[in-house]
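A.B. asks: Using the working numbering, read the sequence shown as starting at 4 and increasing by one per residue.
I should point out that these hints are in silico values taken from the structure, not numbers from a laboratory. Please note that a few of the clues may not be correct.
Simulated restraints, written as ranges between beta carbons of each label pair [as the list claims (entries may be wrong)]:
| # | residue 1 | residue 2 | range |
| --- | --- | --- | --- |
| 1 | Asp111 | Glu28 | 23 to 31 Å |
| 2 | Lys83 | Thr26 | 33 to 41 Å |
| 3 | Arg58 | Asp111 | 31 to 39 Å |
| 4 | Ile107 | Arg82 | 35 to 43 Å |
| 5 | Pro65 | Ile36 | 14 to 22 Å |
Restricting the straight-line Cα-Cα distance to at most 25 Å, the calculated cross-link-like pairs of lysine-lysine (DSS-like) are [claimed, not checked]:
| # | residue 1 | residue 2 |
| --- | --- | --- |
| 6 | Lys67 | Lys122 |
| 7 | Lys6 | Lys76 |
| 8 | Lys102 | Lys76 |
| 9 | Lys68 | Lys6 |
| 10 | Lys102 | Lys115 |
| 11 | Lys5 | Lys67 |
| 12 | Lys122 | Lys83 |
Virtual Cβ for every residue (Gly too), placed ideally from N, Cα, C.
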Amino acid sequence: MKKIVVKRSDGGVSIICPGPEATPEFLLRDALIVPGYVSHHEVDNSNIPVNRDFRLAWEFDPIKKSVSENPNKCREVIRKTRNRALQQLDLAALQESRKPDGKIIDIDNEVKRLRDLTKSINFNSDEVDRLR
Numbered sequence: 004m005k006k007i008v009v010k011r012s013d014g015g016v017s018i019i020c021p022g023p024e025a026t027p028e029f030l031l032r033d034a035l036i037v038p039g040y041v042s043h044h045e046v047d048n049s050n051i052p053v054n055r056d057f058r059l060a061w062e063f064d065p066i067k068k069s070v071s072e073n074p075n076k077c078r079e080v081i082r083k084t085r086n087r088a089l090q091q092l093d094l095a096a097l098q099e100s101r102k103p104d105g106k107i108i109d110i111d112n113e114v115k116r117l118r119d120l121t122k123s124i125n126f127n128s129d130e131v132d133r134l135r
């Protein structure tokens, strides 16, 4: 099944999934109303990643006519998610530091694991799910 990939001015892509009755005129209209429209291309569904965890890191390659994940943008997605987890750990560390038997060492180990995440990540959804 074919889909329409719309390349946007921010470097990202939007995907349009046409119905069976879609005409070229309607597809063009739908593509043109995407904010930041630059261009659009018809792409086979098999050339679009199945995993949507890194949707914000998707880029379109017009030569290969495929959508792929940009590793640098994937790291940014992970960093944003990781930063929320780090904020929660900072709060937990602050609360534990006020207790006489606080477990700061466990929290420090988790903070280190999260900080090292973007160094060795292979961009699988299991790590992203653990951050949520």
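A.B. asks: Now tell me, hint by hint, if it's right for this structure.
C.D. replies: Here is what the structure says about each hint:
no. : hint                        : verdict
1   : Asp111 to Glu28: 23 to 31 Å : 60 Å, violated
2   : Lys83 to Thr26: 33 to 41 Å  : 39 Å, holds
3   : Arg58 to Asp111: 31 to 39 Å : 32 Å, holds
4   : Ile107 to Arg82: 35 to 43 Å : 24 Å, violated
5   : Pro65 to Ile36: 14 to 22 Å  : 21 Å, holds
6   : Lys67 to Lys122             : 28 Å, violated
7   : Lys6 to Lys76               : 23 Å, holds
8   : Lys102 to Lys76             : 40 Å, violated
9   : Lys68 to Lys6               : 11 Å, holds
10  : Lys102 to Lys115            : 22 Å, holds
11  : Lys5 to Lys67               : 15 Å, holds
12  : Lys122 to Lys83             : 15 Å, holds
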